[in-house]
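Undergrad: Sequence:
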Amino acid sequence: MTTLSTHAADLGALDDIVALPEEGVSGVLAGRKGGAMERERLRRALASLGPGSVLGVDARTAEFMNFSFADECFRVLAQDLSAGEAEDRYVVLIVSTGEQEDLIEEIQVSLERKKLAMFLAEASYEGSAEVRIVGMFPDYLAHTLASVRPGDTNETLAERLDLNLTTCSNRTDRLAKLRLVRKRRRQGGLGYKQFEFFPVLQDAEPSTSKSE
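Note that the sequence shown ends on residue 212 in this note's numbering; no numbers are left out.
Note that these hints are calculated values from the structure, not bench results. One or more hints might be untrue.
[Claimed, not checked] Calculated lysine-lysine pairs in the DSBU-like style (CA-CA distance at most 30 Å, straight line):
#1 LYS183 / LYS114
#2 LYS114 / LYS177
#3 LYS33 / LYS115
#4 LYS177 / LYS33
#5 LYS183 / LYS115
#6 LYS193 / LYS183
#7 LYS33 / LYS114
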């Protein structure tokens with residue numbers, strides 16, 4: 001698992017937060033049938049949001065999750081998003097800091113098997129959370145993701161990271177496919193098509209940081 005070298009993310013900036021499990025439902029999340037049902041609920045929540053939206057999946061009340069549930073819910077959802085479903089919409093899983101490592105491990109293994117990854121926010125206080133990546137996420141992608149500034153192009157990012165343009169483009173394409181960075185097309189200055197990149201999650205203001 002990878003911790004990003006960024007500021008704490010502002011959970012208050014998420015467009016919607018869905019509880020997993022639903023209120024009043026057992027906190028024991030097990031089996032492929034249950035995982036498929038919850039995945040469909042998350043898909044509906046994503047579909048109800050507008051383009052550019054970020055959905056939080058709050059699993060802080062979950063007491064147990066087995067691999068079958070994690071694989072059917074999160075791995076299949078991440079795979080479908082990577083394939084283009086729910087275009088320009090993003091997901092962040094929210095867990096309790098230091099209290100749900102067993103649950104995180106099941107999700108980690110299920111995503112790793114298919115070379116997938118997703119945002120994981122560990123929230124120990126209201127409003128902000130430390131952001132990690134759960135799944136398969138090599139250090140070079142983590143470094144690239146942490147380096148993205150709003151409005152970066154592959155040219156500007158490649159220059160900042162001292163990479164050749166093809167390598168940088170491959171990295172940003174992968175990040176965009178994983179829904180870990182926003183990718184927008186614009187017309188370049190010489191008339192050619194160019195892409196700009198933006199962070200998915202909004203940084204928390206210093207006033208909301210844990211150091212207060």
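Undergrad: For each hint, tell me whether it holds in the structure or not.
TA: To see whether the hints hold, each was checked on the structure:
1. Among the hinted pairs, LYS183 with LYS114 is consistent with the structure: their alpha-carbon atoms are about 23 Å apart, no more than 30 Å.
2. A distance of roughly 13 Å separates the Cα atoms of LYS114 and LYS177; the hinted pair therefore holds under the 30 Å criterion.
3. About 23 Å separates the Cα atoms of LYS33 and LYS115, which keeps this hinted pair within 30 Å; it holds.
4. Pair hint LYS177 plus LYS33 holds up; C-alpha atoms about 27 Å apart against a cutoff of 30 Å.
5. Only pairs whose Cα atoms come within 30 Å are accepted, and LYS183 paired with LYS115 is accepted, the gap being roughly 20 Å.
6. Pair hint LYS193 plus LYS183 holds up; C-alpha atoms about 13 Å apart against a cutoff of 30 Å.
7. The suggested pairing of LYS33 with LYS114 holds, with an alpha-carbon distance near 20 Å, which does not exceed 30 Å.
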